[in-house]
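The residues making up each chain are set out below.
There are 2 protein chains.
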Amino acid sequence: MIKQYERFVHCLALSILMSTSLFANNSNRITEPPPNIIIIYMDDLGYADLSIMGHPTINTPNIDKLANEGQLWTNFYTASSVCSPSRGALLTGRYPIRIGLAGEKKRVFFPESKGGLPESEVTIAEMLKENGYETGMVGKWHLGHLPEFLPTSQGFDSYYGIPYSNDMNGVKWGLETFFNEPDINMWKVPLMENKKVIEMPANQFTITQRYTEKAIDFIHSNKSKPFFLYLAHSMVHTPLFASKEFQNTSKRGLFGDVMNEVDWSVGRIIETLKELNLEQNTLVIFTSDNGPWLTMLEHSGSAGLLKDGKGTTWEGGMRVPGIFYMPGTIKQGRVTDMGSTLDLLPTIASLTSSKLPENKTLDGFDLSGVLRSKSPSPRNHFFYYRKKDIYAARLNAYKAHFITETCYRKDNQKSILEQPLLFQLENDPGEHYDHAIDHPEIVQGIKDLVSNHIETIEIRESELDKY
Amino acid sequence: MIKQYERFVHCLALSILMSTSLFANNSNRITEPPPNIIIIYMDDLGYADLSIMGHPTINTPNIDKLANEGQLWTNFYTASSVCSPSRGALLTGRYPIRIGLAGEKKRVFFPESKGGLPESEVTIAEMLKENGYETGMVGKWHLGHLPEFLPTSQGFDSYYGIPYSNDMNGVKWGLETFFNEPDINMWKVPLMENKKVIEMPANQFTITQRYTEKAIDFIHSNKSKPFFLYLAHSMVHTPLFASKEFQNTSKRGLFGDVMNEVDWSVGRIIETLKELNLEQNTLVIFTSDNGPWLTMLEHSGSAGLLKDGKGTTWEGGMRVPGIFYMPGTIKQGRVTDMGSTLDLLPTIASLTSSKLPENKTLDGFDLSGVLRSKSPSPRNHFFYYRKKDIYAARLNAYKAHFITETCYRKDNQKSILEQPLLFQLENDPGEHYDHAIDHPEIVQGIKDLVSNHIETIEIRESELDKY
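For the record, the sequence lines run as chains A and B. Residues in the first sequence are numbered consecutively from 2, following the working numbering. Residues in the second sequence are numbered consecutively from 2, following the working numbering.
No wet-lab data here; the hints were simulated from the structure. Treat each hint with caution, since some may be false.
Each pair may be met inside one copy or between any two copies, as identical chains are not told apart.
Below, a list of computed lysine-lysine pairs in the DSSO-like style, where the Cα atoms sit at most 30 Å apart [what the hints assert, rightly or not]:
1) Lys252 - Lys389
2) Lys448 - Lys173
3) Lys375 - Lys245
4) Lys361 - Lys467
5) Lys448 - Lys467
6) Lys252 - Lys448
7) Lys415 - Lys308
8) Lys196 - Lys448
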């Protein structure tokens, strides 16, 4: 237990270091000119929804190639199990509670919402913009759709995509609407260019193809300057849509068709980088906003051997595939240490020698050492938030649950546990075997970690509850 | 439905063809001299217990390499969810019920058993022996341990290994014996060389290393002749043992240590083939006898997104990784069509131009076309037997359950279903969403398939119930 405690102290020290250092180490910049950054963000893609993750009938050769030739992280966490807070955390490197994205009532933005990611928050786009990057966003935003909250107000030079989820503004809601023959008129979702609605409802059949074209256009336009592209697919969030070319191409049904199209899209992005001789100078990151939306039955993805899915603080809700690709720079291999989408901002800051946001407590760690040399990950803990509460926390191999709740299911029950559950995730990723009674000292260590963390949280109004 | 029915008729036609043709097509032989065959058979390795199958902390780079450079089959079935019948079926290409390995009482052989795989059955070893192959077996046999049933009576020139499971002849039985500090004296398992016991109890700490050495010796001794090596690891069946070199090398605990050692062993076999310039002329097959033994808690493997494990007819019990490797011959890629360990005998017969067993109804299909050119698999159905009963059957994408039973669990209940369950496995590998009511015609088609199959079964005395 002494070793465990030492690690815990070490982790706190690192947190403080991260939170106070304003500049990333200049010597860390990996290429000259600094590398381009592309984040490909999936919606509701589960841990097991890639062929490289063991899915028996989904086929993702292009994504698998990135994983095989780059780094595949198998203990990689998104900072929320639902959409808006997950996206805010990705872009700011801060837990949703710090950035106004932990609501009392709502967990994500809805079409009637009046809030958004506060302008005072610094996104990866703003950070890189200040370092001379061209910045573009393509895809689903979901961080506020009033003009002051759109991507172009958050550091992006351009935006093309849908401002919230593709199942919102539905003509009627009900599982059957998702499972019927796809019909774009069932969801009055706007497609926007910068701050202007250009199509309503968005033609979701062609949306993945059009995102891909826009992304490729952006790369072409910026081939001579450092750029940051944030490509956030609307898929594989239900309702599922695939273009004609990809319909009925997969044994996995419509979900598999959609994955074929997304995988094609990834392939096209990589081909474009190759054509433009940018592949060695571009970091491509592929991950997901949360686990599979299990309520959607066969239209939902899969978390594989992990428990539960989207909306929950079980591993299936928040552990997602994390892939980093940059030939010649990233040391190839699987990484079983912990990482998080929270780490992307500080990691990108480090790799590009960008200035970290000032006066912000960051929750991310700089993973550049792991990427370049497979050194141990600086992240040794993670907090599983749901709204404003910490439901669970992980320290090294152990995860303690303090509150459990199964979302989107008939047996939805919130339980505040008198005796926390304790799982050794490296042995037991499926969270089957509780060891709380055997290791009260580990439970206590995690409780202390949580208490220390909570002291750093300032109370902030929720943007999600503004109507 | 007409298409479904056509496929069904086609499958029956193929079955009959397979069962009546006595010679494999000579033109199928793929190399001159005919290829060496190595089957590496794991014990209780689940669908998700390889890194290539998405396990987050198990690391199997050597096995993954075979999968990446050869073919990885993701719909690959073992013919039984427990040990002895699974092994008998692998070696004969026949369902256990045809070969006396479907008991009324016992499901596997125990130290007090008097039976074994009948001498009248023709094993892959006997088939290849007749074609001039040198044949060796290393590892766990479990098809009868009286002299007349040992490997050297079933076509193998030599044998080195344990005759039954590594948890048998226990000093006492109980979960805690497995989870305590490993102690070889807790299980009085003999280690044999041909028909002689050479060590008792077998030193299980070094058993994987010694199997590997023996396997390599066999390859060296036969480098100039066609050979067949059947290497059936004792691991990862509990009790788990790793040699000193591999203890505490994995984040996945002892299970991961054992997997590291098995993966090392696979690497050593491949290196040996390379050294001897035999890699292009040797078909290496890697698979498992059944799914994970879930009762063993953290000492058990994982079936990933598949339901349940060893002992059951849910997918987790009988779907296992299936890997085929032979550079230059096997068309690289994932195969999502169906295959089975039942298919190994006819496939090997085809690739080596060996004579199929005479007067035997074979349940296997020749997969050589899939291996060489990724043509569609000839297998479109599979029967999930438990003892003498067909609990479930799959036809193309659909699996109907007629009886369900969860083995080795507290809620162990056998249910003969009035209304079968029907799962579309390509969409729903986890068997969550029953479609029996939507597709009575598919249920009926599968019932007809089962009836036709049952007509081909002759009643035979069970070897497993002989004491």
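To see whether the hints hold, each was checked on the structure:
no., hint, verdict
1, Lys252 - Lys389, "neither (41 Å within a copy, 32 Å between copies)"
2, Lys448 - Lys173, "neither (44 Å within a copy, 40 Å between copies)"
3, Lys375 - Lys245, "between (42 Å within a copy, 26 Å between copies)"
4, Lys361 - Lys467, "within (23 Å within a copy, 74 Å between copies)"
5, Lys448 - Lys467, "neither (32 Å within a copy, 57 Å between copies)"
6, Lys252 - Lys448, "between (46 Å within a copy, 23 Å between copies)"
7, Lys415 - Lys308, "both (16 Å within a copy, 26 Å between copies)"
8, Lys196 - Lys448, "neither (45 Å within a copy, 59 Å between copies)"
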